[in-house]
Structure formats: structure tokens, C-alpha cells
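> Taken in sequence, the protein lines are chains A and B.
In short: position in the first sequence from 1, add 35, done, that's the numbering used here.
In short: position in the second sequence from 1, add 46, done, that's the numbering used here.
Hints listed in this document are in silico derivations from the structure and should not be mistaken for laboratory results.
Computed from a prediction, not measured in an experiment: that's the story for all the values here.
Treat the hints with care, as some may be off.
Claimed, not checked - Straight-line C-alpha distance at most 30 Å; calculated DSBU-like pairs for lysine-lysine: (1) LYS57/B / LYS141/A; (2) LYS62/B / LYS124/B; (3) LYS124/B / LYS141/A; (4) LYS61/B / LYS141/A.
What the hints assert, rightly or not - Selected chain B positions facing chain A (in silico; Cβ < 10 Å): (5) GLN52; (6) ARG55; (7) GLN87; (8) PRO89; (9) LEU91; (10) GLN105; (11) ALA139; (12) GLU150.
Beta carbons: idealized from backbone N, C-alpha and C, even for Gly.
Single-letter residue listing:
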Amino acid sequence: AQSVTQPDIHITVSEGASLELRCNYSYGATPYLFWYVQSPGQGLQLLLKYFSGDTLVQGIKGFEAEFKRSQSSFNLRKPSVHWSDAAEYFCAVGPSNSGYALNFGKGTSLLVTP
Amino acid sequence: EAGVVQSPRYKIIEKKQPVAFWCNPISGHNTLYWYRQNLGQGPELLIRYENEEAVDDSQLPKDRFSAERLKGVDSTLKIQPAELGDSAVYLCASSPWLAGVNNEQFFGPGTRLTVL
Numbered sequence: 036a037q038s039v040t041q042p043d044i045h046i047t048v049s050e051g052a053s054l055e056l057r058c059n060y061s062y063g064a065t066p067y068l069f070w071y072v073q074s075p076g077q078g079l080q081l082l083l084k085y086f087s088g089d090t091l092v093q094g095i096k097g098f099e100a101e102f103k104r105s106q107s108s109f110n111l112r113k114p115s116v117h118w119s120d121a122a123e124y125f126c127a128v129g130p131s132n133s134g135y136a137l138n139f140g141k142g143t144s145l146l147v148t149p
Numbered sequence: 047e048a049g050v051v052q053s054p055r056y057k058i059i060e061k062k063q064p065v066a067f068w069c070n071p072i073s074g075h076n077t078l079y080w081y082r083q084n085l086g087q088g089p090e091l092l093i094r095y096e097n098e099e100a101v102d103d104s105q106l107p108k109d110r111f112s113a114e115r116l117k118g119v120d121s122t123l124k125i126q127p128a129e130l131g132d133s134a135v136y137l138c139a140s141s142p143w144l145a146g147v148n149n150e151q152f153f154g155p156g157t158r159l160t161v162l
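Use the sequences and the hints to build the structure in full.
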């Protein structure tokens with residue numbers, strides 16, 4: 036069965052500091068991996084996705100993520116956090132075929148302090 | 047291009063009352079999803095449509111939940127009667143179906159339901 040674990044429920048970082056959000060997955064085949072961000076009262080916005088090829092993927096808003104098959108991880112990083120990055124972040128895994136539901140983690144809430 | 051549209055954005059009802067949510071997907075997207083997001087959790091699939099056909103409704107509580115997508119475009123999700131535990135955000139998403147292409151879903155803003 037496929038599953039996603041986000042070990043950190045809450046993370047607090049200072050503005051300008053670096054950020055890493057952890058994501059571990061369990062999947063029987065080649066996973067398609069996603070990171071979404073959700074601001075209060077908003078829907079989910081796709082930050083980046085990994086399907087194949089280069090294991091370091093670049094996304095919007097200066098985010099990047101690295102796929103590590105040996106560790107079953109897909110951690111999200113940003114070198115310098117801005118106050119506007121405060122939000123809920125969700126990692127998700129899905130099958131390669133188009134049109135199938137995604138399996139989401141429980142999310143990590145990011146707080147940015149001045 | 048317009049995104050996924052959902053209405054209403056917020057709904058407060060008393061338990062045992064009916065409620066309905068509406069979703070209009072991105073034009074040309076033939077796959078439509080309804081997810082439920084409980085407080086502090088990630089979204090969980092309720093039902094998935096390919097055009098007008100419900101192809102995955104295994105997680106839909108069919109005793110009180112129903113959904114339809116009659117013309118393969120917009121969709122309605124209904125709860126009757128609502129229970130306290132139904133309080134959640136109901137998210138609609140859509141994606142195009144392209145053979146051999148990866149699965150990116152586009153989400154609407156959601157409907158936040160509060161059952162009193």
C-alpha cells in the first residue's frame with residue numbers, strides 16, 4: 036500500500052534561514068511525488084513534482100526537492116525563507132498513470148519568525 | 047485560464063440538515079476528484095470521475111453522501127443528513143487525462159463545512 040509520512044507536524048524558522056521539510060514514502064512501484072502548499076483559506080498549490088530524470092527538481096517560489104530512492108525520501112528545501120512562506124506543506128505520492136488519486140501526508144505547518 | 051471553481055466557500059449547518067457543494071473544473075479536464083480534508087490532516091479521496099462516470103467511489107460513505115457529474119463537466123457533492131463528524135474542508139480537483147502523461151491535479155479553494 037502506498038503511504039506518505041511527514042515526520043514534522045510543526046516547524047519554526049527565522050526569516051532568511053534555510054528550510055528543509057521531510058517526506059518519506061512507501062510505494063510499490065516508481066512513485067510520482069509532489070509537494071503542495073496551502074495557505075490559510077486557500078486550496079492547494081503545486082510547488083514541484085518529480086516523475087523521472089534528474090533527482091533534484093526545481094519548483095516555484097525558490098523551492099527545490101531531492102528524490103532519494105535509497106532513503107524513500109523526497110525532502111523539500113529552500114535556502115532562504117520569507118515571511119510569506121508561512122503555510123501548510125503537503126507531500127503526496129501517486130501512480131504514474133494520469134487520472135488517479137493522490138495519497139497525501141498529514142502536512143507540516145511552517146511558522147516564520149522575524 | 048480560470049482555475050477550479052467551488053461554491054460555496056463556507057457553509058454552516060445544523061446536524062441532520064442536507065448540504066450540497068458545487069465544483070466547476072478547469073475547461074477540458076475530464077478527470078474530477080472530490081477530496082475531504084479534516085482539520086490537521088491531508089486531503090483524502092472521496093470520489094473520482096472520468097467524464098461522467100464515477101470510477102473510484104470506494105471511500106465515499108454511500109449511506110449519506112452522493113455525487114453526480116451528469117454532463118461530464120461540473121459536479122455536485124451532497125450530504126444528507128449531515129453529522130457532526132462531517133465538518134471538514136471539501137476540495138475539488140481536476141486533471142486532464144493524457145495517455146502516458148504524469149498526474150498533476152489542480153485544486154479549487156475548497157468549501158469549509160461546519161456542522162453544529
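> Any hints this thing doesn't respect? Which numbers, in order?
Result: no hint breaks.
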